[in-house]
Amino acid sequence: MAERILEVENLTVDIPVGGGMLHAVQGISFHVDKGETLCIVGESGCGKSLTSLAVMDLLPKKAIRGANKLELGGEDILNAGERRMSDIRGNTMGMIFQEPMTSLNPAYTIGNQMEEALKRHRNVSTREARDRAIYLLEKVGITAAASRLSQYPHQLSGGLRQRVMIAMTLMCGPNLIIADEPTTALDVTIQAQILLLLAELQREFEMGLILITHDLGVVARIADRVAVMYAGQVVEQGTADQVFNRPTHPYTQGLLDCIPIPGKTERNKPLGSIPGIVPSLVGAFHACHFAERCQYAFAECVKGDIDMRPAVEDGHEYRCLLDPETCRANAQKRGVA
Amino acid sequence: MLIYALKRLSIALLVAVTVSLLTFSMIYLSGDPAMALAGESATQQDIENIRRVYGYDQPIIVQYFNWLANALQGDLGHSHYLKTEVSNVIFARLPVTMTLGACALGFALCLSIPLGVLAAMRPNTLIDRFALTLAVIGQALPSFWFALIMIFLFGVSLRWLPITGSASWMNFIMPSIALGYYVTPAVMRLTRAGMIEVLSSDYIRTARAKGLRPSVVLFKHALRNAIIPVVSLAAVQFGFMLGGSIVIETIFAINGLGQLAWESILRADLPMMQAIVLVLSCFYIVLTFLADLLNAFLDPRIRVS
Ligand SMILES: Nc1ncnc2c1ncn2[C@@H]1O[C@H](COP(=O)(O)OP(=O)(O)O)[C@@H](O)[C@H]1O
Ligand SMILES: [Mg+2]
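As they're listed, the protein sequences go chains L and U. Residue 216 in the numbering used here sits at position 216 of the first sequence, with consecutive numbering throughout. Heads up, the numbering used here is the position in the second sequence plus 1000, with the first residue counted as 1.
Treat the hints with caution; some may be incorrect.
The calculated lysine-lysine pairs, modelled on DSS-like cross-linking and capped at a C-alpha distance of 30 Å, are [said to hold, decoys possible]:
no., chain 1, residue 1, chain 2, residue 2
1, L, 62, U, 1220
2, U, 1220, L, 139
3, L, 119, U, 1220
The hints are simulated quantities; they were obtained by calculation from the structure and are not laboratory data.
Make a model of the complete structure from these sequences and hints.
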């Protein structure tokens, strides 16, 4: 069995807001193995960013984190404390953020910021840190790497900055990288390039990668496993093949119906859409979160919490009262399976 | 960078020219300068003589350039009251005022920047409230009143500090505090606002995601960026302080430019007043220019395009 890098069990994030408690993340469980890519997909506001920040222990101050288990390489990081966490962050676990334009400090050179990441965790000379930075800048496809080190962030385009961010995250050779919509703020033309670059690096350095993205086309190409989130919960989880080819949860089916995926969606087929809006997550809410928008919903759906249940195949699970066979038939009717 | 510096320099020069024009026209503020010089009992002939001797009969533009040329060579005119060269008096007094200004600014920055940072780190806590209170009091309290309170407390009641003069460094403590306290609120509030904004920025999150120590995040990554607007503000405030030194130096009987200005106003010593305004303005212009350069040094977005 592959080495387990990250194990998350029943992760919750609550944020006190004006009108009560916002249950932004409601008991999420997932894991990432060495050399594995887990993609988290779901519409905006469903809790993807908070999930990744919770793993990094970088949540906003007022947010409250809870979990049954949060382990990085077998070490409990749920109760690790800030000191230990700061030794881990940027070292064995790194994160790439959504906004490359503002994620680098405008006051320091690329070289300074990259070298500092390594020097913080390793006892290396500036020379060695510099060499490593050049090596990684070349790895992420930046030409004239050595001369880039003395440049400032504002001298680089958004795409280049995100490449720098990726290289910077790799400085200490982390076991796990979390990339939270790393390309959403970028030009469409380079979005896929960057995501594929990430996948390539992940394979080369045998890291675990959690990739949060809207680009289902890229997810279909690079994900080992996929977690579909909806309104603070994972509603379906499985291998990429399972989720894309045998989508079980009505939300996943709707999602795949909405978004054209190269090589999968037939040409000329009209794209679907999911009517309605995401429910408010403020206050207690015991029902299927998707029920209001679900074309298959029935009375039982809103009578209590819905648990994850196994689908037909191993490792494939979903959060719905409908049995797998019915779901399967629905998917085929919609043309997404 | 060079282009930026040249741009700033030309702006500084433009301001300097404007200031020199305004200062020059000061002699005409009180009407005919020859008549003013001659006094009340002078005859028409006396006035004409004075006008010719001092060159007041020449076209005004010629007068301006003569005056400017002299000023650039360090000749700021003659004080009719003190019967001496204005520049001698000014350059004797300048160091005192500069010392006071520097001490006051130093005090202000040492108080306001740490307070602003602390307040930003813990917004809406006790320390933040304390800083805010201090700022409100500072803005509401006139500096002469604050100076008098201090004199009463530390000079008269407790007898810790000398009240007047500029003989030793002890003499500068109360005036520096009185003068510096005046600029503390503005600097503190800008530091606080800047730090709060910077601390919530994405690159601070990146710094934390790299596992950097809290002190490195705070000082290297946050303060460095938050301090940039403070530099410009400090330069402007220093200008205000030079003006404020008139009051403070007079209260504490410090032999500086401020007191000289006050005395000259009382004596209607126009050349002296003119020179003081010119020197202080030039000093302010140089300071603003230096602040611009410092800003460029701190902010690579200005420095490298
Ligand atoms: N700092 C915060 N304060 C209050 N609510 C927040 C905060 N951050 C996120 N939220 C809320 O939590 C929910 C999940 O946010 P997020 O994890 O950013 O979603 P996603 O990344 O999937 O778009 C959203 O409803 C969002 O409004
Ligand atoms: Mg997000």
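Cross-check of the supplied hints:
1. Restraint check for residue 62 (chain L) and residue 1220 (chain U): the C-alpha separation of about 25 Å stays at or below 30 Å, so the hint holds.
2. Taking the CA atoms of residue 1220 (chain U) and residue 139 (chain L), the gap is about 28 Å. The hint holds against a cut of 30 Å.
3. A threshold of 30 Å between alpha carbons decides the hint, and for residue 119 (chain L) with residue 1220 (chain U) the separation of about 15 Å falls inside it, so the pair holds.
Hint violations for this structure: none, all hints satisfied.
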